[in-house]
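Novice: Per UniProt numbering, the very first residue in the sequence shown carries number 1; after that it's consecutive.
No lab work stands behind these hints, which were simulated from the structure alone.
Just so you know, these numbers come straight off a predicted model, no measurement behind them.
Be careful, since some hints might not be right.
Claimed, not checked - Subject to a maximum C-alpha distance of 20 Å in a straight line, what follows is the list of computed DMTMM-like cross-link-like pairs (lysine to aspartate or glutamate):
id	residue 1	residue 2
1	K7	D213
2	K229	D208
3	K7	D208
4	K20	E290
5	K40	D314
6	K661	E520
7	K40	D362
8	K661	E645
9	K463	E645
10	K340	E520
11	K592	D623
12	K661	D543
13	K340	D370
14	K387	D356
15	K201	D254
16	K463	D314
17	K201	D213
18	K243	E290
19	K387	D370
20	K20	D30
21	K654	E664
22	K243	D233
23	K592	D582
24	K261	D49
25	K654	D623
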Amino acid sequence: MTDTLDKPHLDHAHVRSLLKEMIRIRRFEDTCAELYTLQKIRGFLHLYDGEEAIAAGIIPLLGAKDRIVATYREHGHALARGVPMGAILAEMYGKAQGCAGGRGGSMHLFSRDHNFYGGNAIVGGGLPLAVGLGLADRMASGGAVTACFFGEGAVAEGEFHESLNLAALWRLPVLFICENNGYAMGSALDLTEAQTDIGAKVRSYGIDAQTVDGMDVVAVEVAARQALKAIADTGRPQFLECKTYRFRAHSMFDAQLYRSKEEIAEWREKGPIVRFGTWLAQSGLLHEPEVANITAEVDAEIAEAVAYADRGSDEPVSDLTRFVMAPERPAPPVPEPPGKIVTTTYREAVKAAITDAMTRDDRVFLMGEDVGRYGGCYAVSKGLLDKFGPDRVRDTPLSESGFTGAGIGAAIADMRPIVELMTVNFSLLALDQILNTAATLRHMSNNQFGVPLVIRMATGAGKQLAAQHSHSLEGWYAHIPGLRVLAPATLEDARGMLWTALQDPDPVLIFENVMLYNREGALAENAGAVDIDRAVVRAQGTDITLITYGGSLFKTLDAAQALARDGISAEVIDLRSLRPLDMDPIVASVAKTHRALVVDEGWKSGSLAAEIGMRLAEDSFFDLDAPLARVCSAEVPIPYAHHLEQAAIPQTDKIVAAARKLMEATP
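Please put together the full structure from these sequences, using the hints given.
Specialist: Quick look at the structure:
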């Protein structure tokens, strides 16, 4: 942080800079509106017209190492932070010279050089990210502040409450700034909130909250200085509610039928530039000729920015998939010769992997529901709290979206979090953060920000936990570009995949089947990292290829043994990685066996099995001597009753029957 004296020095230089920043934002936005009508800017365009005092009064107080998380109405924030105007406008044009290479557009401006972590088009979606950035700074004792801007509409989102709770609970250096412009899109606050006093909500979490006139740039700056000083003194989060008004529509698509022209006109008369400019003139601090000079300076900068954006070039279509994942990844690990062999369990292998990672890298920490004092729902983390302490084995509230988003933010700030989601069904509460932030950030920011995060979760049925704890949804996540999805089945993979995943520059999801935790087996004491990119042939065969992963692997191996007694030689392939899929060994196996059966614990419709089958149809059609086949879970929510649960998921006898049927087919 920079100097945070409670009161600004209203000398000539300072008041001039405040006025210029507000005029600069306003006239830039006016230009953007014109360019939108010319269709040079497309899609959504959310203008900051009327709210300039907030960005101008707060952002210049932040130091270079402080961070900013913005909302989708973030042009003013980016300008005030120092992101070059030409790069901002080129981004809004969708040009390669934009601050995110044209991949983010108006709602997603990024600049790593300015610690500007982007606008976020998901209402409230940036709050958990800011919490994670603050958490990383707290754990690293970095002394920075994260400023998080959002509108009053975010107050209705669960992520707002989850984020405030975490920030207060963990004493994080986050300055939350609510830009209350009166309307969440087209709905006034009193139409959507039973309690319209936002400060009262905030104070219920033990966070100091100020409400300030957001149309008064001096009042905003005074409040921001006080809040930043409080963070510096106490290390605790602070909250500013800036009451303001947007003079323009929610976006350029908005007909504004929810408010009158008279209301807008009334507010314009008390707008921040009018108020401050009038006061400066009356006080003699700034005279009209100098205001004219400021306007001329701003107009010249805007003209140069427009020319820069107009000259911009389109990114080549050949670069479409560039930066979906990191362009460079560590080389696959070289396995060591096995040492002493011990008998252990899948559960203990996962625990050993976490222990090893946390011992080797101080940036690694574990967080999730009941991972500390309880020892984890499946006892994977039992004992780790005593070994590593509560800072690195961090119990979280039951707020999946909040703490997953915090993990994402911490990862962006160069920590290496392991986020544990208790069960795959619960992960759907965090799907927003996984899909809309973790998976998209690298590509959308044009490789400025990556998310080296590992998320672990239990998956699968078999323990009579009924429909809300037992589904196999890993195939859903394998649908999402920007993620790596792993399904370790063996003890070696349970032990070794985690460390490899933690070296990966992109988000990795690890699905651990609940029926494997108690499985015993032999494991080398020095077992280490494994290659997470390659499928593995677990059993050699010549007559039929059985393709599976995770909890179904050992059922499939049992099926292969049963088939062998009938004289059928089955090759078993363990996918291990569900995204990306390693098709090479599958294609090679089918070229040899000419028959393929996929075993997938997900539902058949839209399944991972369907994807594998389609790829084989595209690439191996002429090698097949029989139709492609699959064994999947029945299309029902997983039932509680044991016999029905077992009937709902793939079993060895079903795999054997399907394989025999394929063997009976003739080319």
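Novice: Among all the numbered hints in the text so far, which are the ones the structure does not match?
Specialist: 6, 7, 8, 13, 15, 16, 18, 22 and 25
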